[in-house]
Amino acid sequence: MDATRVLVRDGEAVFDRLVELFDEYRVHYGEEADPARTAAWLAAQLRTGRLRASVAERDGRGIGFLTSVVMPASLRLGEFWAVRDVFVRPDCRRSGAGRALVEQVLAEARAAGAVRVSLQTEPENTAALALYRSIGFRPVEGLTGLSLSLAGQL
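Per the working numbering, the very first residue in the sequence shown carries number 17; after that it's consecutive.
FYI, nobody ran anything at the bench for these hints, they're computed from the structure.
Please note that the accuracy of each hint is not assured.
Listed next, with one range per pair, are the computed distances between beta-carbon atoms [claimed, not checked]: (1) Ala123 / Ala29: 20 to 26 Å; (2) Leu159 / Glu48: 30 to 36 Å; (3) Ser134 / Ala60: 19 to 25 Å; (4) Ser163 / Glu95: 20 to 26 Å; (5) Gly158 / Glu95: 20 to 26 Å.
Beta carbons are placed, not taken as given, at the ideal position from N, Cα and C, and that holds for glycine.
Model the full structure from these sequences, guided by the hints.
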């Protein structure tokens with residue numbers, strides 16, 4: 017088996033792999049499969065620069081992806097990167113693909129002069145937490161995350 021490659025260049029083949037993986041990710045979390053809508057949403061997010069994406073490939077097959085966003089770091093007058101989504105196909109987990117994707121985005125963030133990279137995951141996702149901690153991520157103490165759903169509100 018070939019080593020995992022992280023593809024960050026633009027191109028139709030990479031986008032098609034991203035759409036397939038992203039739709040599989042959505043289904044994994046209980047959403048209905050909708051490749052056409054997924055493709056349209058991803059294209060809009062990537063085109064406007066609101067989202068960045070990388071795809072991991074092994075043996076010519078897309079096996080995982082990572083999305084990230086760049087946001088202002090107000091107090092530091094810089095930027096920080098937030099990892100939004102990381103997904104590796106279940107049959108490809110523990111292959112190094114997740115690590116390759118995270119390390120790629122860390123390298124890009126460092127090269128861009130980002131002051132930090134943040135991510136979040138569910139507390140029961142022990143495999144992901146172990147991976148992120150092994151790379152150097154640490155829990156943020158003293159902050160509470162809050163959210164307000166606007167779905168269905170006028």
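Lying within 30 to 36 Å: is that true of the beta-carbon distance Leu159 to Glu48?
Given a distance of about 34 Å, which is inside 30 to 36 Å, the answer is holds.
Outcome for the supplied range 20 to 26 Å, where the beta carbon pair is Ala123 and Ala29
23 Å, holds
Does the Cβ pair Gly158, Glu95 satisfy 20 to 26 Å?
22 Å, holds
So does Ser163 sit 20 to 26 Å from Glu95, Cβ to Cβ?
23 Å, holds
At the C-beta level, are Ser134 and Ala60 separated by a distance inside 19 to 25 Å?
Holds: the Cβ-Cβ distance is about 24 Å, inside 19 to 25 Å.
When held up to the earlier numbered hints, the structure conflicts with none and fits them all.
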